[in-house]
Each structure stands twice: as structure tokens, then as C-alpha cells.
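Visitor: Line by line, the protein sequences are chains A and Z. For the first sequence, this note's numbering gives the first residue as 0, with consecutive numbering after it. For the second sequence, this note's numbering gives the first residue as 0, with consecutive numbering after it.
Just so you know, these hints were derived from the structure itself, not from any lab. Some clues are possibly wrong.
The list that follows gives simulated cross-link-like pairs (lysine to aspartate or glutamate, DMTMM-like), each with its CA atoms no further than 20 Å apart [stated by the list, open to error]:
(1) Z:Lys324 - A:Asp218
(2) A:Lys324 - Z:Asp150
(3) A:Lys312 - Z:Glu258
(4) A:Lys46 - A:Asp186
(5) Z:Lys107 - Z:Asp150
(6) Z:Lys185 - Z:Glu173
2 protein chains.
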Amino acid sequence: MIVCKFGGTSVASATQIQKVANIVKDNTARRIVVVSAPGKRSSEDIKVTDLLIDLADTALANADVAAKIQTVVNRYEDITAELGLGKDISEVIAQDLRDRVAGDRSNKELFVDSIKASGEDNNAKVIAAYFNTIGVPARYVSPKDLLIVNDLPERTFAVAEAYERLAVLAQSEEVIVFPGFFGYTKDGILRTFDRGGSDITGSILAAAVGAELYENFTDVDCVFSANPKVVNNPAEIKEITYREMRELSYAGFSVFHDEALMPVFKKDIPVNIKNTNNPSAPGTRVVPTRELTGRPVTGISVDSGFSTLYVSKYLMNREIGFGRKLLQILEDEGISYEHTPSGLDDISIIMRSNQLNLEKEERIVKRVQQELQVDNVYFRHGFSMVVLVGEGMRNSTGLAGRAALAISKLGVNIEMINQGSSEVSLVFGVQQNYEDIILKALYEEFFSAVPV
Amino acid sequence: MIVCKFGGTSVASATQIQKVANIVKDNTARRIVVVSAPGKRSSEDIKVTDLLIDLADTALANADVAAKIQTVVNRYEDITAELGLGKDISEVIAQDLRDRVAGDRSNKELFVDSIKASGEDNNAKVIAAYFNTIGVPARYVSPKDLLIVNDLPERTFAVAEAYERLAVLAQSEEVIVFPGFFGYTKDGILRTFDRGGSDITGSILAAAVGAELYENFTDVDCVFSANPKVVNNPAEIKEITYREMRELSYAGFSVFHDEALMPVFKKDIPVNIKNTNNPSAPGTRVVPTRELTGRPVTGISVDSGFSTLYVSKYLMNREIGFGRKLLQILEDEGISYEHTPSGLDDISIIMRSNQLNLEKEERIVKRVQQELQVDNVYFRHGFSMVVLVGEGMRNSTGLAGRAALAISKLGVNIEMINQGSSEVSLVFGVQQNYEDIILKALYEEFFSAVPV
Chain A
0 MIVCKFGGTS VASATQIQKV ANIVKDNTAR RIVVVSAPGK RSSEDIKVTD
50 LLIDLADTAL ANADVAAKIQ TVVNRYEDIT AELGLGKDIS EVIAQDLRDR
100 VAGDRSNKEL FVDSIKASGE DNNAKVIAAY FNTIGVPARY VSPKDLLIVN
150 DLPERTFAVA EAYERLAVLA QSEEVIVFPG FFGYTKDGIL RTFDRGGSDI
200 TGSILAAAVG AELYENFTDV DCVFSANPKV VNNPAEIKEI TYREMRELSY
250 AGFSVFHDEA LMPVFKKDIP VNIKNTNNPS APGTRVVPTR ELTGRPVTGI
300 SVDSGFSTLY VSKYLMNREI GFGRKLLQIL EDEGISYEHT PSGLDDISII
350 MRSNQLNLEK EERIVKRVQQ ELQVDNVYFR HGFSMVVLVG EGMRNSTGLA
400 GRAALAISKL GVNIEMINQG SSEVSLVFGV QQNYEDIILK ALYEEFFSAV
450 PV
Chain Z
0 MIVCKFGGTS VASATQIQKV ANIVKDNTAR RIVVVSAPGK RSSEDIKVTD
50 LLIDLADTAL ANADVAAKIQ TVVNRYEDIT AELGLGKDIS EVIAQDLRDR
100 VAGDRSNKEL FVDSIKASGE DNNAKVIAAY FNTIGVPARY VSPKDLLIVN
150 DLPERTFAVA EAYERLAVLA QSEEVIVFPG FFGYTKDGIL RTFDRGGSDI
200 TGSILAAAVG AELYENFTDV DCVFSANPKV VNNPAEIKEI TYREMRELSY
250 AGFSVFHDEA LMPVFKKDIP VNIKNTNNPS APGTRVVPTR ELTGRPVTGI
300 SVDSGFSTLY VSKYLMNREI GFGRKLLQIL EDEGISYEHT PSGLDDISII
350 MRSNQLNLEK EERIVKRVQQ ELQVDNVYFR HGFSMVVLVG EGMRNSTGLA
400 GRAALAISKL GVNIEMINQG SSEVSLVFGV QQNYEDIILK ALYEEFFSAV
450 PV
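Sequences and hints are given; from them, build the entire structure.
Guide: Here's what the structure looks like:
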């Protein structure tokens, strides 16, 4: 059994949905189809999700929503008319939207969530209806009472019971069409996944039914070894381990959200990232383990927006508890960090800059000064992390040296190097403005040069 | 005013003490002389401190101590006779030892400390007496009521009041001869410094009197840029910053104990490491700041005996508080750590192996598994840390690459690289058995090659 998920551009129009139907028909193992809301049909188009956010905002402003609802319904009608589905389903969608707008507004965020989630929910109804008209027995299934999520205020995740309940879907005679992006609490409150969206729904379902494969259909043929916007024609990745994927998705590899991998990762279910517009392309397989190729580096990613908190104190490394107390101060501010390179008497804590503001920084600096009696403490901003990832790096001597030399040939200083004791990744911290030339140089070094 | 400290080999014999006297006479700014106990006169000799430990053990075993006391007294008599000091001082030393042996044994450690410390104390009396015979007005000063240290059980350090009290020594008309290695609590209990010994006494005195210079006399001409037992004729270090010295003394540079630098470091007092046997050699100056030379690396040190605790968990870096909780577990076992290189989903904590044993390791692994729900956790042993140190490294691009390549040319894997965001050091973790060939290769790269 295969669970397949189709992203926004894969279900944006009748033509696209017809491609989806062909893909599902092509392999009878594809029994569960997770769908997103209709995405953009062209770069100037507006996603249904954005229309829905606009509708929710209008409702919360107590302005007239009729026209906004009609805009959304029209968008679906463009699809249903071309698919030959008739007018009934438009009325179902219009009524659904009116019901949601009339819903509980006591928690504004949940109200907006409910309206946003209609994008996936109604699209699943449309696609299930269409499948039936072309001879694919299909059934829309609501996440309600199945995909159970935790209560507020923690961010949304599927509770253990969700997996038990969703397992019944494996028994269905019909193809299941399931909306991505949201679940319901035990009390029936709709909550959306804030990260990974429909990817995570597909991953949860694949894990719940014990799928042999989770296919993630998007609009690219594969995952590339480097950002194609920076590097010309980067190598395609045929096979990649969960761990490599996770380390790459850290920075710049947005094809598949890393948190979405968790449910399938735990069950060792392979993932195939494929292109709805070119389904015969093999795509990229994400697997628990893989055979090593001659190439030690699988991919190179870059992400900007990092800051460092630098702290120095004479004899720091003799002071038991120093690092722990320092991390506690950051934790008290709700800040997560990425790396902590250290000398004997100094440590740099690297974190994403978007967690900081001037007040927080001042509070942290003051506390570090007062509570830890340090010699020096300050923030620095504007760093990028360049990450080389590859299972083959573990046993490859000279790789760090080659990478560092390739960077330094550019005349660029390496601010930070971090390589752990059992790593499939090597991280360089550099000044943000050099990230593109560094990515190009590293790609050249590890992918274009004569293979070692 | 100069405070000068003479190590064990510098005061091991009459000939050596005569050299000390000449050094003190040579510069009238040398007003305070801190002395160690007589050290070895040859490689087969026994240090007075070791004779005293034997005496203390004999006393604690309630065996006859007379012969042991005589051995110590004889050792001093070899010196005093040659210095022409007469027999009186031998009786002073013998009586002092009998008094100490008859002292309080309720705390065995303090009893041993008291006997051990007599080595420095009596040698200071001998040297002060000798100075007076050669026309250098001098006075032995006891640390009692001056060098006040903290109470048990924390390890020994000078309390703030010690600096105030010791400041009066600046006013002395006579040269002060002060024993190194110990102080007294407010209640008059003798306690020894467990690390840095006489070096730290000299540093405290230099800070207390606001000396212009702290001279640390030992038996080498200077600090070398690498261990001369491994590298042939390593370059001499003429000038080095506190910080470089500290990072180097971490591993293999035992000339001057890093904790001993603290008091002078806080007062920006320069230190000159010199050779009693070759006082005209300029030695190595340890200074707050220095001008950069063309050489980015000042020294390379290596130290073995490190272990790593490897921990991996999917999505670790999203978990606020993970690192802090992990460090807390180590802290609960009283373990201090050196570095924490990390990937996204894993972290290695590097620590000195001598803090571990099988039981501790099992407890730690079990707690990490249970409390942090990790995917993987284990210890690895047998690592060395290779540290490149230099103020010039901060602005030197390509250095990390050069170093990593020099290591990888040996076919040796680099287990860990750690470079911070504002560093004067670069740390490589390697397998212990390769440390010598790596030191040689790095020395070759940064000191023997054509300067960059």
C-alpha cells in the first residue's frame, strides 16, 4: 500500500487534478491520497489558502463576507466545471464556508485555522467526487475523530491515538482522499499543523497504515544537491538517507519539511519525492540507509539569519556548570540554539536571529554578566551556516581540509567550523554576504571536480 | 618592583641558590623572592617534597620518624654547609619538622599538607639567611596572617583579604623571601595550593604589591612553540599573550600552570619566564596584548586522555532545553567538559577521561536514555586534542584548511574540529595514537614552511 500526497500546485487546476487521477490509476497500490488546497496556477495567481485568510480577516473585521466567499467558490467552480462535476458540489462548498464563518470566534487563531483548513478539506471532497466519475471508487474522509491532535496551547502534533484510529483506513475498499494540513482535538476543535502542513498529514497516514512507501508529489523532478537558484544545473539526488535529508532541509532545502519526516522515519518507511508533472521521473528516494557511492558529499545547503552570543571568561572550562547555566539563560528567553563552538575560555552560541530582539539581547547580556561574572559577552549578527552533508563524509579523510581551503581561496574568513565525532555533516559559519560564492565554490570542489 | 619566583631545580643545591642570589643582586628592583622546596639535583635525585611525603606517611603509620627527619635535615645540610651558614639553621629545621610531626592528625590530608609545605618554608629560611651573609639584607616572611586562604573543603585559593594584607610587603626595606605553595586560613590552618603550587604564590604576591613584572625562573630558556620531545628544535616563543599561554598550557605546556596566571592577568602584570641557569637569555614574556608577527600560529599543543559522549536524537535542535538537560546530567556527576561539537541531530561532549569510570558511564548513559528519550547514546575513548594557538589566527584565512589538509595527508581521520567565532585557537580531535605524527606535520606546516 502506498500513501501519496499531492502539493498545492499538483491540485491547482482541473488539468493538474487529471494528472493526479492518472497517477493514482497507474498503480493500484496507491490507496490513500492526501491533498493540499489548490495552489497557484501561474506565478501571478493567488493560492486558495490566501483567499481564505483574506476571508477570515474580513469576517473578523465584521465586514460583508458574501463576495469573499463567492471568490473562493468561483475558484473551485473553475476546477469542478472543467472536471464535469456539476453545480451540487459548489453549494456544498459555499455552505461549508458560511458555516465556518458563522463558527466560534472566541479564539481568533482557531477561527482563522478553521477557515484556512477548508481549502484542503473542500479540495479533498472535489477530488474524491472526480475520482468516482472516472471509475476510481473513492471516498473523502474527514480527519475528524481520526487524526486526533493535542489540545492548545502547545503547537499541533498527532497524538498516539491518531495512529491507532487512522489504521482502519488500510481496510478501505475505496481509494481514500484525505485533506492535508489539519486534525481535530478530542473535543472536536480543528487545529492546523504549523510546520510541514500536508506533508506531515501524509507522513502520519503512511505510518498509521504501515505503508510500503510514502510518495510525496510536488512540482520538481527531484531534490538537488545544491540550490539551483545559485548553482547551475546541480546534480540530482537519487537516493538520500533520512538523516542526510534532515540535515539538508535545515537550510535551503524546502522541498520536504524535516519535521514531516518524523512519523515515517520512526517506521522506516521510504519516501519518494516525485513530480506530478513528470511522474515517470524516478524522483528522490529518502531511505533509512543506503549504499555509499564514490561521492562523499550528498548535498550542500546554506541558510542565512544566524547570530552568535560570544562569551569569554578566564578558566571557564574549569567551572563545572558554566555551560549549563549559560544555556539556561537562553532557555528562559525561549531561545533554541544550533551550535556551541568553544575554546578553553570562550564559547559562542549560534542561534537563529529571528528569535532575538534588542530587549532580549540586553536582558541576556546583563544576566550573563551578572550571574556568570564573565570577562566578555556580546552578540554578533549576519551569519550564514553552510552545511556539507553526506553519509560518506564519515570515512573521508581530508574533506574538511578541502572544504576549508575552497572557502579560503575566495579570500573569505571562516568564522566557525563545527564537526562532531560521528557526523554526516560539516558546518561552516561565514558572513552572510559571502554565502552564494561559498556555495558555488564548494559545489565546484565536491561535485564538478574529478571524483576522488 | 619585581616579584621573582624560583622553581625546585633553581633552589636544589648551594650552587643553584648562589645563582639565585646573583640574579637578585643583579637587579635591585627584585624585592620579593618566592621559593620552592629543593628539587632534584640530577635525574636520579629525590625531591625534598617527596622525602617529606615519605616522612608524613611514616608518621601516619605510627612508625619511627627520627631517621626520616634526619634524611630531610641532611638534604638541607648539604646546602647550608656549602653556603657557609653553620649548624644553627639545621636545628631550626629539625625542630620545625618535629613540631609538625607532633601536630594535629585529625584531618590526615591537612597533616600531610603541613609536612609537605615545610619544604618551601624551611628553604625560604635558608635562602633568606644566605642572602644576609652575602650583603643582601633579606627577611624570611611566613604566609601566616598574610596569605589568607579559604576554609575547607573547597580547593585552596587566596581570599580577597590576602591581597590587602600582602600589599604591605611592598614597603619592606629588606628583600622578602617568601615560601611558595601554601597559605593559612583565618584560623591558622595551613593549606597547600593543589594546582600551580609556588607559581601561584608568586602570582598572588605580584598582584598584591602591584609589581611591574613577575619573573618566573625555571630551568628552561623559554617556552617552545611545540613539545621539544616530539618536534626537533621547535621555535622559541619570545612574547605571548595571557590568552595564548592559557590555551597552550591546556595541553602539554607545563612550564607555567595556567591557573597561576589568574592573579597577574587580572592586574595586567607581565610575566617573564626565565632560566636560572642562563639568566641573560631573554626568556618568554607573557603579556596582556602584543603586536602580531607574520606567523599566525604561536604554538601547537597536544594532550591525550579525552573521551566523548555521543548523543543523537531526531529533531534534537528543535528541543529547547535539550543541551542544558544533557549538561546537567554530567554536572550531577561532577564532570566538566571541554567542547560540544554538534550537528543538527547529534552532539558530542568531549571531556577528560580521568573523570570517568564504568559505573559513571553506565549511570550517565541510562539517564540520557531515560530522561532525554534519545535515539543513540554512547561513550568513546582514546582521543587527543591538538590545539593550534595564535592571536594572529583570528584574521588568517585558510588556516583551518591548511591544518586539516596537513593532517589528512597523513591518512589520519579528523574526528572533531572546533573553531569558535572569535578564536585564537583551533582544536582538532584525533585518535590518541596519531598525536605525535600530527604534531610534527602541523609544526612542519606552520613553522618550517616558507612563511605566508
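Visitor: Now tell me, hint by hint, if it's right for this structure.
Guide: Against the structure, the hints:
With a C-alpha separation of about 41 Å, the suggested pairing of lysine 324 of chain Z with aspartate 218 of chain A is violated against the 20 Å cut-off. Among the hinted pairs, lysine 324 of chain A with aspartate 150 of chain Z is inconsistent with the structure: their alpha-carbon atoms are about 26 Å apart, more than 20 Å. At most 20 Å may separate the alpha-carbon atoms for a hinted pair to count; lysine 312 of chain A and glutamate 258 of chain Z meet this at roughly 13 Å. A threshold of 20 Å between alpha carbons decides the hint, and for lysine 46 of chain A with aspartate 186 of chain A the separation of about 30 Å lies outside it, so the pair is violated.
As the CA atoms of lysine 107 of chain Z and aspartate 150 of chain Z are separated by approximately 16 Å, the hinted pair is consistent with the 20 Å bound. For a cut-off of 20 Å, the pair hint linking lysine 185 of chain Z to glutamate 173 of chain Z is broken: about 26 Å separates their Cα positions.
Comparing the model with each numbered hint stated earlier shows that hints 1, 2, 4, 6 do not hold.
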